[in-house]
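Peer 1: Now for the letters of each chain:
Number of protein chains: 4
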Amino acid sequence: MYNYKKPAKPWGDQMIKVSVLGATGYTGQELVRLLYQHAEVKIVGLGTQNYVGQSFANVYPHFRGIIDIVCRSVDDEYLFDEADVVFLALPHGLSVPYVVKAINNGKKVVDLGADFRLKNQEVYEHWYKKTAPPADILAQAIYGLPEINRTIINNAVLLSNPGCYPTTAILGLAPLLHNKLVDIKDIIIDSKSGISGAGRSLSLGSMFSEAGNNFKAYGFPHHRHTPEIEQEISAIAGQEIKVSFTPHLLPMIRGMLSTIYIRPSAGTQYKHVLEAYETMYKKEPFVRVMPTGEFPNTKWVLGTNFCDIGLSWDERAEKIIIVSAIDNLVKGASGQAVQNMNIMFGLEESTGLKHIAVYP
Amino acid sequence: MYNYKKPAKPWGDQMIKVSVLGATGYTGQELVRLLYQHAEVKIVGLGTQNYVGQSFANVYPHFRGIIDIVCRSVDDEYLFDEADVVFLALPHGLSVPYVVKAINNGKKVVDLGADFRLKNQEVYEHWYKKTAPPADILAQAIYGLPEINRTIINNAVLLSNPGCYPTTAILGLAPLLHNKLVDIKDIIIDSKSGISGAGRSLSLGSMFSEAGNNFKAYGFPHHRHTPEIEQEISAIAGQEIKVSFTPHLLPMIRGMLSTIYIRPSAGTQYKHVLEAYETMYKKEPFVRVMPTGEFPNTKWVLGTNFCDIGLSWDERAEKIIIVSAIDNLVKGASGQAVQNMNIMFGLEESTGLKHIAVYP
Amino acid sequence: MYNYKKPAKPWGDQMIKVSVLGATGYTGQELVRLLYQHAEVKIVGLGTQNYVGQSFANVYPHFRGIIDIVCRSVDDEYLFDEADVVFLALPHGLSVPYVVKAINNGKKVVDLGADFRLKNQEVYEHWYKKTAPPADILAQAIYGLPEINRTIINNAVLLSNPGCYPTTAILGLAPLLHNKLVDIKDIIIDSKSGISGAGRSLSLGSMFSEAGNNFKAYGFPHHRHTPEIEQEISAIAGQEIKVSFTPHLLPMIRGMLSTIYIRPSAGTQYKHVLEAYETMYKKEPFVRVMPTGEFPNTKWVLGTNFCDIGLSWDERAEKIIIVSAIDNLVKGASGQAVQNMNIMFGLEESTGLKHIAVYP
Amino acid sequence: MYNYKKPAKPWGDQMIKVSVLGATGYTGQELVRLLYQHAEVKIVGLGTQNYVGQSFANVYPHFRGIIDIVCRSVDDEYLFDEADVVFLALPHGLSVPYVVKAINNGKKVVDLGADFRLKNQEVYEHWYKKTAPPADILAQAIYGLPEINRTIINNAVLLSNPGCYPTTAILGLAPLLHNKLVDIKDIIIDSKSGISGAGRSLSLGSMFSEAGNNFKAYGFPHHRHTPEIEQEISAIAGQEIKVSFTPHLLPMIRGMLSTIYIRPSAGTQYKHVLEAYETMYKKEPFVRVMPTGEFPNTKWVLGTNFCDIGLSWDERAEKIIIVSAIDNLVKGASGQAVQNMNIMFGLEESTGLKHIAVYP
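Residue numbers (the working numbering), protein chains in the order written: chain A, 3 to 362; chain B, 3 to 362; chain C, 3 to 362; chain D, 3 to 362.
Intra- or inter-copy, both count: the list cannot distinguish identical chains.
Below, in silico cross-link-like pairs of lysine to any residue (SDA-like), each with a Cα-Cα straight-line distance of 25 Å or less:
#	residue 1	residue 2
1	K285	A59
2	K284	A59
3	K244	T133
4	K187	K244
5	K244	E296
6	K356	R66
Rather than coming from a laboratory, the hints here were simulated on the basis of the structure.
Here chain A stands alone, though its shape is the one from the complex (with noise of 0.2 Å):
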């Protein structure tokens, strides 16, 4: 099935021609913003589901007198004909089809969904009570975490972005099992995600009366992120792992922390643990190690493709306690699938992703 051509000239030299469906979701309108500001970057079209023959600018405001395109249905040929590249930010299980049909185009896929992220259908199926996609389709699929699996991003043609919780999971976990520092057992996954993971869909748990000025925990034991932040940890430890994982919906917009605690193995001591992440991470332009004594805050990585890291050992109870920040639409969603779009085209992997939190 597989017929992308890379272009006789090598990307760089050109822009990357765009479409986004979907893109009236949270996650779509953020990756308008980034894509809007790549320097190499064209956006030829914007696919959505609810608002078809409308203005972008008037789904959204904040656009005016930046952007004037008008939305296209996901299932314009436009946005497959014109693009190098489509990026799709649907809700899951919409982007079997859509997959198809770019892949036949000879176009490359960026897909935010979940749909491809699990590499087995019946876990998928388990979890997500849909069908699975297609085994065939579902093998060319390439799971996209720069930091972890940059080499094979690289010849992606259907890459598969990650999703929030676990990419928080995933760069915080790495270090310890790469280099064999813990205990794979009774790994403790807290996170605390800011309420636009839910998108942009009405419901009554994202109303402001509701989740303003309220914690509270949600959808586990059994999230569905869990199969995935266990499929990629024991891939990189090499044995099967399992985690409890429990997210929490804090009262802001925007901001994802995951607090992961672990039990050191024998021998490991908190200078091998320094060591394991400063020499995975030192190159990383996303990852950013906290000094010792430091921890994120959600604040410093607002509106950016930051995952800042910090850590801690707790003697008395022999534990590490790991400390992971993001932007849940950043680094969460659209900012790693522009991370991983670079790569694909053989940019520099922080083209279009160098911004700084707007603070206060």
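Given the structure of chain A, go ahead and fit chains B, C and D onto it with the hints provided.
Peer 2: Below, chains B, C and D alone, put in the same frame as chain A:
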């Protein structure tokens, strides 16, 4: 030293006369709200360090038209002479002389500070970096968490009111530990608090522009509430327990929620867990165990003395997950202090504490 | 049509039996909070459109352990048969049949909706785009702002509870207009409201991610509260007044504040202004006029039935500036409804309404 | 005194070297964000009063991995020697000596403080209770609101950057006053600001627990921005105008919105109003006039240099209502300062200022 004499007339036939030292801090003014509305209490005086001679309603204008009291110095003898019970809502480390004065005057004391919470002087000095209270006074102090030890609160003269984080942790863990349903190793307590817990003192971290729209972990792995939690749950379990405790700061004013992870003992089934909570808390006026599948929202307890508890069994990861929520200034401080006073004076325990959350 | 019979026993010797229709909306559940805590009231039933047959404490879990009532249909006769007074907290335009049924059953009604606020049918139909209530029923409706017209509330059978914005505007302006201290032209009412005023219905604008971290004006210059304000202040002034009224939406749940600009009449001095407010409000239990130089904070009235008023004289621009603040769900809705009920049943007016703001 | 020499090479061929004094305040660090991302600018140094010798990225960790500069004293000569232009983001009243030093060194200055905004020394001293700057220096200061007076900004050596409230008021009123469409009496400016406008200095009113979940008016009727607004709109109108200006504090960090009420002149029709805004602003890169019936949301301009303006005609009350919104730290401070710098150095005016709001 102890010379408290129970009044000839049983309490309940007359108003309890109270004074509050440290009335102009957040927990102090919350005490004033609760005590003012308490049918069996008369506030005889308010002591302050910084607002001596000012009208209390000037310091806190939400009391205008309600309370007309001029603040006295915390050293004013009147506050000890006129009261049956003295509430101390002072910064940590200042309580001893006031406790001595009150007890010598034959008065009861409810201390909302930390000075008398730790029974071991060395532990106190290690964690608080202050001189511990003299052993003879410390020996008189009763740690007052009514759901756990109300029988000894009854006769307390010096009542040490629990910390906010420990209240969530101990109430969350007690049924499991009391019934020996869990492994006491690897207990993780991941707590999140509103900012009012930091008090009214000026600090950069408590500024709206810094704490707003933000989430972070802080003060771990050596937060001072750790030994208090360990002391109390070790007593319940009958063996020494160490926990990993990590507090976080929420972008909201009031509300506290702890997510607690613990491994079930071999043989423990979820029904045993449910029974343990049902049995221990079914008659408690202030503990509400949620139905299976539901979890606390901090705003359901806002302004109230409730502790809401939700339970989950993560069979994949072999963990019991307990979520407990309180209002940090009520059940976590001033409301619990009033509950303790009610017990100490023979009143029905929920007198003056039947608030319903102001929702949404 | 009127056939209400005052009970043989004066109220106060027995509990007032109440039912609430629309109990599962925000103003409805706030009524339940206030009525449940009211010493002279017994709630006999709760009516709802969407949650028939469900436990009220399931819909609003902050009532768990407090209220154990199963919601009935708003059309359930029981709600009319068993109650002495029926509270209507329904969407606008639905009240008439329930009012008719209640009155025909000899019951009193407190309607928190807008249907009976405007005395002129044409004005109602112009602003609300709905058919006005029949003239004979409308004629029975008493607009219930106790500080202005409590003498006629006394005998009301059908009490029309004021809107939230009008409450701030009328209480803010009454002393000036009553004493003819101001020019009635060019009155500007710039109002700001928390989001709970929009109710519990799902809408994009009420989502946390949209309303949070945002501020905007809306619904002007033709907001429906305009004719209500004009009707009432014209009556006070004895001449027809038109105002410019602009509402705004605050990123918070509860709280409302109006800033009112008005030109003093020739000869008016600031001391006359102060005297006017002092005279009109000094005995009012729920109006607090701030000392000169101080201005209301919405959180000082949160959860309470207070209306706080601050005054300023801008001699440079020749304007009197009045700032009035309420909790939109209490003095702006449910608290005022209870205040009106107290008057209608001969109770002390502040019964059940002596809440102190939960601060900070 | 003036001895600024335009460099031989036209700006644009080389990087503009800038230093920022007061870089560790909120407007200072926002300047750093904008200047760092500016393609034609090189930051040569950062001056601070309180963090001398500390890494800037330590003071503001969201700059970690981005900026590696150690803060200097504001008195460090290096900041004046190495820069082409010095930005002053100091507390009010401190600018004069730094302005003198910079100008004497042949450097340009952009002062974000208030010291040079008022052209009349007596007016300054009356409102600010400080000694006004010397007349000869004051005479050189150019008030820099580009949309109003960009032609004279061109050659400015000492640029006085407007206040945040005045920016909203002047841009909101200019088309009406310039075209003489309105009565200049009875102008009401009701403004609402996020809390970051109060800066980073510790104060009780800026604490999260005090400012959060709250709304209030403050500082009127004598707020210091009043004479600045009057000075500038009087110049536009060609006659002396007095306004009534009332600021309020919103429970959010960034964002400012002013609602302005003004009476149309006899003969003015709404189409004249629309034409006036269209004509004045259609080519402006940073002013967006909303379509009729739509009004600004502060979050649409968050982090950007836009001023969004909405218009309404209240024919019943004979008022034009203008709503203007900015980010107080961008168009209200640091963004406008960069816009002014761009003009002063002959760059395209929007260089480095093409941010899109981070939404939602």
